[in-house]
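> Mind docking chain B on chain A? Use the hints.
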Amino acid sequence: MGDGPPSIWEWIARNWDTGRVDSIRNLLTDHLTMSLVPIMLALVVALPLGLACVRWRWLYQPTSGFMNVVYALPSLPVFMLLISVTGLSQTTVIIPLTFYGMAVLIPAVVDGLGSVPDHVRQSAVAMGFTPLRRLLQVELPIAVPVVLAGLRVVAVSSISLVSVGALIGQGGLGGLFTRAYQNPFMPPVIVGIVLIVALALVADGLLVLAQRLLTPWVRVRKGQGS
Amino acid sequence: MITFDAVTKRYPDGTVAVDRLSLEAPTGEITVLVGPSGCGKTTSLRMINRMIDASEGRILLDGEPVQGIDPPTLRRGIGYVIQQAGLFPHRKIVDNIATVPYLLGWDKKKARVRAMELLERVGLDPALAGRYPFQLSGGQQQRVGVARALAADPPVLLMDEPFSAVDPIVRTSLQDELLRLQAELNKTIVFVTHDIDEAIKLGDRVAVLRVGGTLAQVADPKTLLSEPADDFVREFLGHDRGIRRLQFVSTEGLRLRTDLTVEEGAERGTSESWQLVVDAEGRPLGWASGARPGELEPYGTFVPGRDSMRSALDAALLSPSGCAVAVDEQGKVVGVATREALDQALAEAADG
Chain A
751 MGDGPPSIWE WIARNWDTGR VDSIRNLLTD HLTMSLVPIM LALVVALPLG LACVRWRWLY
811 QPTSGFMNVV YALPSLPVFM LLISVTGLSQ TTVIIPLTFY GMAVLIPAVV DGLGSVPDHV
871 RQSAVAMGFT PLRRLLQVEL PIAVPVVLAG LRVVAVSSIS LVSVGALIGQ GGLGGLFTRA
931 YQNPFMPPVI VGIVLIVALA LVADGLLVLA QRLLTPWVRV RKGQGS
Chain B
185 MITFDAVTKR YPDGTVAVDR LSLEAPTGEI TVLVGPSGCG KTTSLRMINR MIDASEGRIL
245 LDGEPVQGID PPTLRRGIGY VIQQAGLFPH RKIVDNIATV PYLLGWDKKK ARVRAMELLE
305 RVGLDPALAG RYPFQLSGGQ QQRVGVARAL AADPPVLLMD EPFSAVDPIV RTSLQDELLR
365 LQAELNKTIV FVTHDIDEAI KLGDRVAVLR VGGTLAQVAD PKTLLSEPAD DFVREFLGHD
425 RGIRRLQFVS TEGLRLRTDL TVEEGAERGT SESWQLVVDA EGRPLGWASG ARPGELEPYG
485 TFVPGRDSMR SALDAALLSP SGCAVAVDEQ GKVVGVATRE ALDQALAEAA DG
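Those protein sequences? They're chains A and B, same order as listed.
Using this note's numbering, the letters of the first sequence map in sequence onto residues 751 to 976.
Using this note's numbering, the letters of the second sequence map in sequence onto residues 185 to 536.
Next up, chain A with everything else stripped away, as it sits in the complex:
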């Protein structure tokens, strides 16, 4: 092998677990943390906010307007701004990604609850469901497919967006891309792209599986509907 540049496989083997912060393994773990935490947080926050927007209709316009503005902000300057508050930490990446996720999930929750047919809601009332029980046992379950569709978008975009954090030194696998500035050496870039796409595909696959398990009544509909 001599002095030539190492092959991609050699490079992977050499850098997989070096014990340093920038080993591929550590970058992968960081990447997972910085994408999964915002997805979870966004869901946890968007649910009550979405419910509030359905309950108090006037809240929805300002909320969705605000979230759209947030969504329109480019991520890089937001990271830069946040550095003064949260420093060069993972939190600096997690906060904006959480907001991006909320921008997608709040409308998803609102639309999901809106997808409950009126006659179904009426009959739940007439059967004697209390409001809380109706929400938990009828309205939220029926909203699940729409919310999960939103969650799939959020999962894939979060996993992809984390890499921008590399510009402030917190980009997970995105760290593999910034090295290419200093040294036009391709294996890290290829490994970064492949791993990020693979992560996104796995996350999406898991959500599709969750949807099938949680909502068998939707799956069968597609099978027999047409």
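Hints were generated in silico from the structure; no laboratory data involved.
No experiment lies behind these values; they were computed from the predicted model shown.
The reader is advised that the hints may include incorrect statements.
Said to hold, decoys possible - Residues from chain A shown here face chain B by an in silico Cβ test under 8 Å; the list is partial: (1) H869; (2) V870; (3) Q872; (4) S873; (5) V875; (6) A876; (7) M877; (8) G878; (9) F879; (10) T880; (11) V888; (12) P891; (13) I892; (14) T965; (15) W967.
We put the beta carbon where it would ideally sit given N, CA and C, even for glycine.
Just chain B now, kept in the frame of chain A:
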């Protein structure tokens, strides 16, 4: 018994949906609220289980004002069937039916056993229990809706245009099914519809409401047809009110002739212009005309005693002979009602 005591529903914008309605829905009977859209019939129904609260007046359930009962508790004791069934799409049929028992805290197994019982009771295949609502036809969904309303065996059943979203054939069978169930169960039913024919078919008592939510007339169907209170009711009943009244006239006393029937192969040799040809078992085959030998013309049948004069007249009009064929429950000919006999019966009906 459900009692409306001068009940008014007024919305904040001043619209009056129901105006001083006083009405009784007797125990064990079907009371139909019928009227054009905007007459407050659905509003009135929903005030019974407090989906809408009355602005003035009282609604009593066996003497107790519903306004004093906690709404979820009240509703669990009252069956409710909604238009389009309103089944929960994410729950299997068996669990849809068991909804109220679950809410009442029944043991899950007991609730499901009860649900299976009801599934059969409303005439559905038990194999449907594990399906989801969208896999059922509209008529089947509506039957499940009725089963769900009956699950906790409530004494009162509220039905809000339950059969209006299905096609006419299915609607007829659902109506017949409801009457059959009611004969077994004797629930106190309040039924809302905009279809006067449905009201007359199902109601023990029919309350006609007019736009603005006032009561125009309440009576049994026969009285309603023969003595409409005013022009509004008369118009609402439609132009064929007289014909429809015939469905309450029995064919019991109708004079039948038995000398017009001949067995197949033994035709001819009669002064009558029409002869009814029957097979060896006595079932009708068709009318033979003296003018066109060898050809059989169509016939119509009715079962005397069971079917009404309206059916008998309909049967007569279906045949060029102008006679209605009377058959027994097995379809065997018992006689023929001629025009003369029908004329006489109609004249009596018009007098009474």
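> Are the hints correct? Go through all of them and say.
Verification of the supplied hints:
no.	hint	result
1	H869	holds, 4 Å
2	V870	holds, 5 Å
3	Q872	holds, 6 Å
4	S873	holds, 3 Å
5	V875	holds, 6 Å
6	A876	holds, 4 Å
7	M877	holds, 5 Å
8	G878	holds, 4 Å
9	F879	holds, 7 Å
10	T880	holds, 5 Å
11	V888	holds, 6 Å
12	P891	holds, 5 Å
13	I892	holds, 6 Å
14	T965	holds, 7 Å
15	W967	holds, 4 Å
When the structure is compared with the earlier hints, no violation turns up for any of them.
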